[in-house]
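Spelled out from the first residue to the last, the chains are:
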Amino acid sequence: MATLDSRIPEGPIADKWTNHKNNIKLVNPANKRSIDVIVVGTGLAGGSAAATLAELGYNVKAFCYQDSPRRAHSIAAQGGINAAKNYQGDGDSTYRLFYDTVKGGDYRSREANVYRLAEVSTNIIDQCVAQGVPFARDYGGLLDNRSFGGVQVSRTFYAKGQTGQQLLLGCYSAMSRQIGKGKLKMYNRHEMLDLVIVDGKARGIIARNLVTGEIERHSAHAVVVGSGGYGNVFFLSTNAMGSNTSAAWKIHQRGAYFANPCFTQIHPTCIPQHGEQQSKLTLMSESLRNDGRIWVPAKKEDAEAVRAGKLKPTDIAEEDRDYYLERRYPSFGNLTPRDVASRAAKERCDAGFGVGTNETGEAVYLDFESAIMRYGQEDANVKGVHNPSQEQIRQLGEKVIETKYGNLFQMYEKITADNPYKTPMKIYPAVHYTMGGVWCDYNLMTTIPGCYAIGEANFSDHGANRLGASALMQGLADGYFVLPYTIGDYLADDIRTGAIPTDTPEFDEAEKAVQERIEFFINNKGSKSVDHFHKRLGKVMWNKVGMARNEKGLNEAIEEIRQIREEFWKEVKVPGVADGINPELEKAGRVADFLELGELFARDALEREESCGGHFREEHQSDEGEAVRDDKKFTFVSAWEYKGEPSDAILHKEPLVYDNIELKTRSYK
Amino acid sequence: MSTHKNLNLTLKVWRQKDQKAKGNMETYQVSDISTDSSFLEMMDILNEQLINEGKEPVAFDHDCREGICGTCSLYINGEAHGPGREITTCQLHMREFNDGDTIYIEPWRANAFPVIKDLMVDRTAFDRIMAAGGFISVNTSGNTVDANAIPIEKANADKAMDAATCIGCGACVATCKNSSAMLFVSAKVSQFALLPQGQVESAERAQNMVKVMDEEGFGNCSNTGACEVECPKGISLENIARLNREYLSGSVKK
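Line order of the protein sequences matches chains A and B.
The first sequence begins at 1 in this note's numbering and counts up by one.
The second sequence begins at 1 in this note's numbering and counts up by one.
Only chain A is shown next, with the shape it has when bound in the complex (with noise of 0.2 Å):
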């Protein structure tokens, strides 16, 4: 078994990281060119980690699924990033990120490491600067901040509604440089399919090349895991087609231990589900909530007309609307944390507020009509027109929120058909990011020696809840400058290893099971598609492992997920050859992974019996419907060790010493 030390450096938390960086080992570089490293994921966290160790001298591979680096999912971050910089002089500091994030975390994420994300939150900003992102600007040329929900300062940094696409594209351009000198090679529209072990050592991995079919061996001196999250357990999420919990779920099967697994973000600010036709959902970026004001109608019959098409939003007067958020959260008000917010407007919906003409009837209105006057009349004022007319402070506003979100408008207007300038738009939460992820220490290893877990693919930073802008933050913080200072201590045992061979029973054994299992894929004669078990894995998940979760329900759905996987393992039908591009065969894999970890989710909450962050149990909430968390209990991490079927799955606890943060019951109000 392995062992569960976080790793956590001695000394006050404010020095923990530079004590640690001065006091762990070096790799010389002329030695680092006789290391390998492999790194699985080109999103922020993968792609920028990738770059920087290719610059340090070592030689990376690396690898994804996508058909460029360029694409990874990291690229449909909207809002922003977060950074202690104080560019606003509102008070903000490394403290108070630390603090904002630990809080907005629900008092479950690991102190020092999210300590040490603050302390170099500012370093990203200046990097990315110094790499040609164009984030916004005043007029004066320096950079404009915005808020995101859960705070009270503005930190958060953007480029239009499109700061994930910005940032990857930079770190694109770093990996390119290093592609372009021949440090790093990469490896576009490969999937990892196994981790290989030697000598209790993660050494190298299995994986298919997409175009080809062909299973290859690739060996290293560690194994960096950076794929990202697992919310497309769900089905439909906010997550890209491809996203998968492949290369997170084969290391847990060969040893690495899974934290926090029912820890996930249902976002609340979605595009409504149309129907049964749908693949994906979208995101409406939460810095809409900078502006808009969330509603519903205060009268029943209203919502009912509305449901019918009877009645226009616009026409429902200002008395008789419901600011539920402004209403219950007087002092965050819009921007209360997504948690918060994505169960107010579940708990309007299900009391029969909810706003939604399509199948489920679902969605609030997020209305941008006050912010719209409110920008025009300020515009007006500072262009000098006299005497305005309604019509004109409405143009000049519309003018100020283009401006400001202009693409979300854009993409809203493209999907529903509507124009959110004239009608409010509705929204609804959906599944978008997931905080559990692979366990790993303060150098962010995991319980394998030599593979590492980064971005949103681990747990530390978030706890059960993460707050908005805070996910690209991470990513670049783990890549960018992290994980290049930790993982040398770990190589500079290396640098008399030599090049790690291929051609060993591990490897052997390793390929082996791999082709098995597509094999396996290809020959079933089953009847029923992989989305057919993919969706109604999703169905079991949101229903019953979603918003709101109790025993009963969660029980049903350790039942259902398993029966589910069963027979997916007798009805799978996989059409098309092994040996070229197939996609139905890649999804095969995916949703094999997807139907253990779901289960595995599933006894996480059941375990967990205390509402914190996104889990929410009903058994466990004050009159006011607010999550009750048992701090006594569960203040600690649930890491699983894998032992086959997910009910054989063993689970340790890592406790959380909150030694810098009392830890309080979360309020917003």
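None of these hints come from the bench; they were simulated from the model.
Treat the hints with caution; some may be incorrect.
[As the list claims (entries may be wrong)] Some residues of chain B that are not near chain A, with every Cβ distance over 12 Å (derived):
no. : residue
1   : E26
2   : E41
3   : I76
4   : E216
5   : G217
6   : G219
7   : N220
8   : Y247
[Stated by the list, open to error] Reference listing, derived: stretches of chain A covered by chain B, where coverage requires no fewer than 3 residues with Cβ under 8 Å from a Cβ of chain B:
no. : region
9   : 175 to 186
10  : 270 to 278
11  : 571 to 579
Even glycine gets a Cβ: it sits at the ideal position worked out from N, Cα and C.
Mind docking chain B on chain A? Use the hints.
For chain B alone, kept in the frame of chain A given last:
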């Protein structure tokens, strides 16, 4: 725009086993497609139908399905990313079609983008152009100057951002009669040329990227402007002018 709630359609789809095989158009029928569905959801339905009939589904590239990753392609009824302006195929919705329509679906066509199966093409030539100069030569150590140390004029920052929104989908190449990659290359060259931190190596960058662009078999620009029209992100032709300027200044410096 369709007034029907559900559509019945005839699809003519390019099928090709692999890069070496000869391809052909196949005809399929799909029915009861919701007008709220996206074009790619319609393709999912076609594929589910093919799998149930024991046939091989149509391979096509797609990933984020929200118009930002640049993975999806498709020539639909003779237009890159189909009808509609400033959208990718994944943002195209079935309400743009009418009941009973016949829709032609083909892959990108360009020598530098070989078809690898059905509707999928190989666009790694773009990656190779990027590796030749699509970056600012700065290490990712974090030890640079403070982000606010160099103010950047808002107009230039905004223009750099507009150029930087290129998603690398290749619609510009596919739609150009010369299969030119000038819009793609110029977007990256412009983004960096407009920023002080990128100006230092701007001329050299243009030279290096254009060299690889030519080697990869992309054609030249003859100013027809089709690329700008079909670009899902509305990247302006102005960028090509700026690329030419940077390229020329690089040639003079040589």
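We went through each hint and held it up to the structure:
1. E26: holds, 15 Å
2. E41: Not fine: 5 Å to the nearest Cβ puts B/E41 too close to chain A.
3. I76: Per Cβ check, B/I76 is outside 12 Å of chain A; nearest 15 Å; holds.
4. E216: holds, 14 Å
5. G217: holds, 18 Å
6. G219: With a cut-off of 12 Å, B/G219 remains clear of chain A, as the shortest Cβ separation is near 21 Å.
7. N220: Given a closest Cβ separation of 24 Å, the condition holds.
8. Y247: With a cut-off of 12 Å, B/Y247 remains clear of chain A, as the shortest Cβ separation is near 19 Å.
9. 175 to 186: holds (count 5)
10. 270 to 278: holds (count 4)
11. 571 to 579: holds (count 3)
Of the numbered hints given earlier, the model fails hint 2 alone.
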